[in-house]
Amino acid sequence: MTLFLILVISGLGIVTARHEARKLFMAQEKEQALAKQFATERDQLLLEQSTLAMHARVENIARTQLKMVMPAATNVLVIQPGKIRAR
Amino acid sequence: MKLASIRLNRAGSAAILPAWRSRLVLRVLMFGLVILASRAVYLQEFNKDFLQQQGELRYSRIVEQSVPRGSIKDRHGEILAISAPVKSIWVDPQQIDMTQQAQLRILSEQLGMPWAAVQERVNSNKRFVYLKRRVSPSLAADIAQLNIKGLYFKQEYYRYYPTRELAAHILGFTDIDDKGQEGMELAWQDSLASEYGKRRIIQDRLGRVVDNVERINSPKPGQDLILSIDNKIQYLAYRELARAVKAHRALAGSIVALDTRTGEVLAMANYPAFNPNQRANINKDAIRNRVLVDEFEPGSTLKPFTVAVALETGRVKPDTLLETSAGMMKIGKALIRDVHSKGNLTVSQVIQTSSNVGVAKIAMLLPPQTLWEMLNRAGFGGETGLGFPGEISGKLRDYRSWRPIEQATMSYGHGISINLMQLARAYTLFATGGELKPVTLLKRDQPVVGQRVISRETASAINAMLELAVEPDGTGSRARVNGYRVAGKTGTAHKRLDNQKGYAANRYLSSFVGYAPASDPRVVIAVMIDEPGAGEHFGGSVAAPVFSRVMEGTLRILDMPFDKPWPNLVISPSFSIRKQEG
Numbered sequence: 001m002t003l004f005l006i007l008v009i010s011g012l013g014i015v016t017a018r019h020e021a022r023k024l025f026m027a028q029e030k031e032q033a034l035a036k037q038f039a040t041e042r043d044q045l046l047l048e049q050s051t052l053a054m055h056a057r058v059e060n061i062a063r064t065q066l067k068m069v070m071p072a073a074t075n076v077l078v079i080q081p082g083k084i085r086a087r
Numbered sequence: 001m002k003l004a005s006i007r008l009n010r011a012g013s014a015a016i017l018p019a020w021r022s023r024l025v026l027r028v029l030m031f032g033l034v035i036l037a038s039r040a041v042y043l044q045e046f047n048k049d050f051l052q053q054q055g056e057l058r059y060s061r062i063v064e065q066s067v068p069r070g071s072i073k074d075r076h077g078e079i080l081a082i083s084a085p086v087k088s089i090w091v092d093p094q095q096i097d098m099t100q101q102a103q104l105r106i107l108s109e110q111l112g113m114p115w116a117a118v119q120e121r122v123n124s125n126k127r128f129v130y131l132k133r134r135v136s137p138s139l140a141a142d143i144a145q146l147n148i149k150g151l152y153f154k155q156e157y158y159r160y161y162p163t164r165e166l167a168a169h170i171l172g173f174t175d176i177d178d179k180g181q182e183g184m185e186l187a188w189q190d191s192l193a194s195e196y197g198k199r200r201i202i203q204d205r206l207g208r209v210v211d212n213v214e215r216i217n218s219p220k221p222g223q224d225l226i227l228s229i230d231n232k233i234q235y236l237a238y239r240e241l242a243r244a245v246k247a248h249r250a251l252a253g254s255i256v257a258l259d260t261r262t263g264e265v266l267a268m269a270n271y272p273a274f275n276p277n278q279r280a281n282i283n284k285d286a287i288r289n290r291v292l293v294d295e296f297e298p299g300s301t302l303k304p305f306t307v308a309v310a311l312e313t314g315r316v317k318p319d320t321l322l323e324t325s326a327g328m329m330k331i332g333k334a335l336i337r338d339v340h341s342k343g344n345l346t347v348s349q350v351i352q353t354s355s356n357v358g359v360a361k362i363a364m365l366l367p368p369q370t371l372w373e374m375l376n377r378a379g380f381g382g383e384t385g386l387g388f389p390g391e392i393s394g395k396l397r398d399y400r401s402w403r404p405i406e407q408a409t410m411s412y413g414h415g416i417s418i419n420l421m422q423l424a425r426a427y428t429l430f431a432t433g434g435e436l437k438p439v440t441l442l443k444r445d446q447p448v449v450g451q452r453v454i455s456r457e458t459a460s461a462i463n464a465m466l467e468l469a470v471e472p473d474g475t476g477s478r479a480r481v482n483g484y485r486v487a488g489k490t491g492t493a494h495k496r497l498d499n500q501k502g503y504a505a506n507r508y509l510s511s512f513v514g515y516a517p518a519s520d521p522r523v524v525i526a527v528m529i530d531e532p533g534a535g536e537h538f539g540g541s542v543a544a545p546v547f548s549r550v551m552e553g554t555l556r557i558l559d560m561p562f563d564k565p566w567p568n569l570v571i572s573p574s575f576s577i578r579k580q581e582g
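Chains as they are written, first to last, in full-length UniProt numbering: chain L, 1 to 87; chain V, 1 to 582.
Just chain V, with the same shape it has in the complex (with noise of 0.2 Å):
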């Protein structure tokens, strides 16, 4: 009852009270009530994208899957260039606290990384900073281990090449963003590429994924290249062609080795090379695969094909006689000389002597039109059809603008510029019977049918004289190999002076191609040194020795069975034992 009384005495004394007193606070309720209805619509219309996005963040997240791009493997599964994963890391500068400042600098230690650039890149106003890209995934762990807020890492990979300059040039490299740059790695881009795949996930409350929202595009792995090189004959070649470019002091060198039967491209290397796991400091004139990529004047290479075409035609037979003896032929205000005159040469004789006068002298005999469509039927001035991107693909002159001494230089390799890889194929016509295989860079493994170019027996006929020019009497004696029966040509070009008129007189193309076994030709290897300045100069003793070399370790290595006999030491085992029995 006391309590009621109290209760009544407060309403009967609130009823004297001023009324401005009631208003006031109406007033004050009412301005709150707006304050938070405004907060309210602030919140909803404003910065609502905002707030859902933050909400799902707690819970929703969308999580890259990074997929490695397609390895490039040898013809034999050997890995030439592989991704190993690894970790980029970058921060959300919005988060980073800087009460975490001895972390940050135990990182930049880690990282190798001056404290004022990770204090610029942390004080970004960006939400998304690389700190450092491409660290090894131990490192990584290390860092990991810091527990910096706001430091997050992605996989990414890294471009790795075992074989180091070995075969730098045919695979070419990527740059930072896994993109190819050169050689097969940009020929094949699209199919070595990989594609991320991304998907939402919820996690829970401990960063556990529990569940999949959606896929938003699936991972697409990139496709493994496998190439038409063999590992072991591409370290044989580059390790020759390096010594042979370091012996003789010569500015470059390059050699291409081709299988006569499937046309796959089973070495080709360049000297100098890069290392194409060092991509910082590559030096711009290394990258060129000068196989590819430069056009050279063959010089006597070429003088088989004119031959070729000579007896296709039949102007000439293998034991045609020409008068050669002057040593010396005028044509027009020109003079072609040989550098020792041997009396007068069958036609044979004129390949295995690489007589200049002699094959201007056949060349002579041909109408124009006839050499140049065996020239380009022979796939000169043409693409290889490999693909390779910055591939050159010569020049060969219409022959309705050749004027008589042209004709005649061109039959022994000058006035024409061509790719070493469109003369190792050309060769493949004497290798084969007349075919012109199709060249690739991928494994084919299958025999090819190539585009006939001559018959048969002209093709054995060539086959015959390129044997000769091996012999020891021939110019390219120091090509042979033991055990087999190799056939092929040296080729001693002039370089053009820089301002392409005319030649220089002491710098020379020293060149060799030719195949092996010359029964049953298998290899096709052409081999070019550039400017060789240790005094030998001659392709017979630049070029055939790498030649002979790589052929000799490539036969081996395809265990190709001998077609030459040549003493050998070791008595038969079982000759021994059916003496023992006897």
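So that you can see chain L by itself, here it is in the shape it has in the complex (with noise of 0.2 Å):
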């Protein structure tokens, strides 16, 4: 009798378990599945970005929308730090 009832406890139990581990082993699948989403809207956006970042891009807008022009050599100085503090 005492047998037929640990049997039976015992079988519960593994009942129990098996069921906490699927829904454990679900919520871990949910939270992988988020994880691959967020890398695959990551993938997109670091597409997104480099398309928006060309430098063919980058230069139009830089030198039509903003006027930006490269400085001529003649109008650069190059400052050397060693020269300043020796004069």
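The hints are simulated quantities; they were obtained by calculation from the structure and are not laboratory data.
For every residue, glycine included, the Cβ atom is placed at its ideal position computed from N, Cα and C.
Treat the hints with care, as some may be off.
One-sided excerpt, in silico: chain V residues whose CB lies under 10 Å from chain L [claimed, not checked]:
#: 1; residue: Q65
#: 2; residue: R164
#: 3; residue: F562
Quick one: dock chain against chain with the hints and give me the complex.
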């Protein structure tokens, strides 16, 4: 009789453990799916970023919309830290 | 009591029924039993696999875990190639319900596929048919809303190249199954490729995954590839090259930039190029990475090597005077001439004015074997070790088969064919004080020790001559860069006729190879323009300006200190502050 009781209890134990395990597994699975979704989103954003940051596009905007120009070599002054201190 | 009597009555009447009736019932029952038994046997024995599989399908499933191919990045981590997630749509035609025709018609519209094509695929008798591969995730979500039975999605990746044609020749591209077809995508296929994982799971009634049964194989994401390319320099090089090829109405052009300290390829571009994002209409001719897979006769850019070996063996000194005033020289029946005769020249002036006669005279002082060894050790006729698919090693013929005229022409770069990368690499000799640096397309970052080919003294003597060639009265004066000392050499070679017999009179290859800053060289750039057709054809007027503009930008990007003073209009802020204080 005691043996039978133990059997029943352990049987129920297995069932609950199994159920819990599956519940946890599902939760994990859900998080993993989320992680994957974020990774996908990240890839797409990276792609968007690299498309927007294309040098040709940046240069075009800088030159035409923002009217930026490259300083001519004669307008560049090289500052050498050592020399300033020496003077 | 009444009930019992009736029963008795019935039993009594059964006794007088004919015997065939009971036999008939028995037979009918037996027949039914046989049918049931044979059905059981049929199901058990012949259909077992199918049924078990069907049962398992209800709860167990093998799912594929897709992982992307590795991306390719430039030396600063900017993306050059990336696998963007997309969905491929497939159908199980056996499960398609033709009562959902309305939905299927919407599907064909959304996919932009003709109705007939959809019908054909849906009516196939296979169990797996792709309807359309690689649709955008948003379109896939719309289609999922249609709830079509037997329609499934598979996660796949589409290779996308944000820099478009800029680095197309270096990167190459992949085919529909994500396998590298050209360039680095092909060369590094093994490490870039990802392996999809597979696992068996148990699903519940609602399709949720409830248990992991086994991992059949674990997913292996592709490894990222970091190239030595600097995206900014690459852009600059491509832009200037494209501009020059168009302006000179040339057939094509190539450019390559090397870091002299590390041997890294900073930029490598060709024009015409192709857009690797639109793989359907790629022109076979535009795919070729001319820097590596095309060989050409370099012309005058090879002269410094002849002079270098003559200096090395002590046959001449930089100020040795040569008799070149005739402007021509006869070897056997052949005649070598200069474009303009400039009187007798010193060895330095031979390089500065690019005199064919002068360099041929120097070459004739040397035994063929010595000249051959020099060219061979400078890396001509050998592979560059980049591991780039389809790379050509050029042709440097064995010195034992040289005739005197060939030795003379070889000294100024005819009768030998090389690729542009070899030429750029060979110039690291003069830029690094005599070392041939091993080149790489992968990020290296650390300076490498090259193989010593010529002595430091010879290298610095050639360095001085190459600097003269870029002076205002040298052939490469248009290669000058404000604020930096530049050394380099022009090349103008006649193209070989298509039948390889002799040279075309008016088809040229214009080139320029050089490096800067000459006081402590950092970058070697080689430019080659194929058949400029707008009047100018000299390397000094076609290729040198491209060199100058790309070099100027590259040195700025690399933050190289100036090594040459030049007038500047800005007054030092520290100077004016000091004045106020005083």
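Here's how the hints hold up against the structure:
A least Cβ separation of about 9 Å between Q65 (chain V) and chain L falls short of the 10 Å threshold, and the interface hint therefore holds. The beta carbon of R164 (chain V) is positioned within 10 Å of a beta carbon in chain L (closest approach about 8 Å), and the interface hint is therefore held. For F562 (chain V), the interface hint holds, the least distance from its beta-carbon to any beta-carbon of chain L being 6 Å, beneath 10 Å.
The structure meets every hint from the earlier list without exception.
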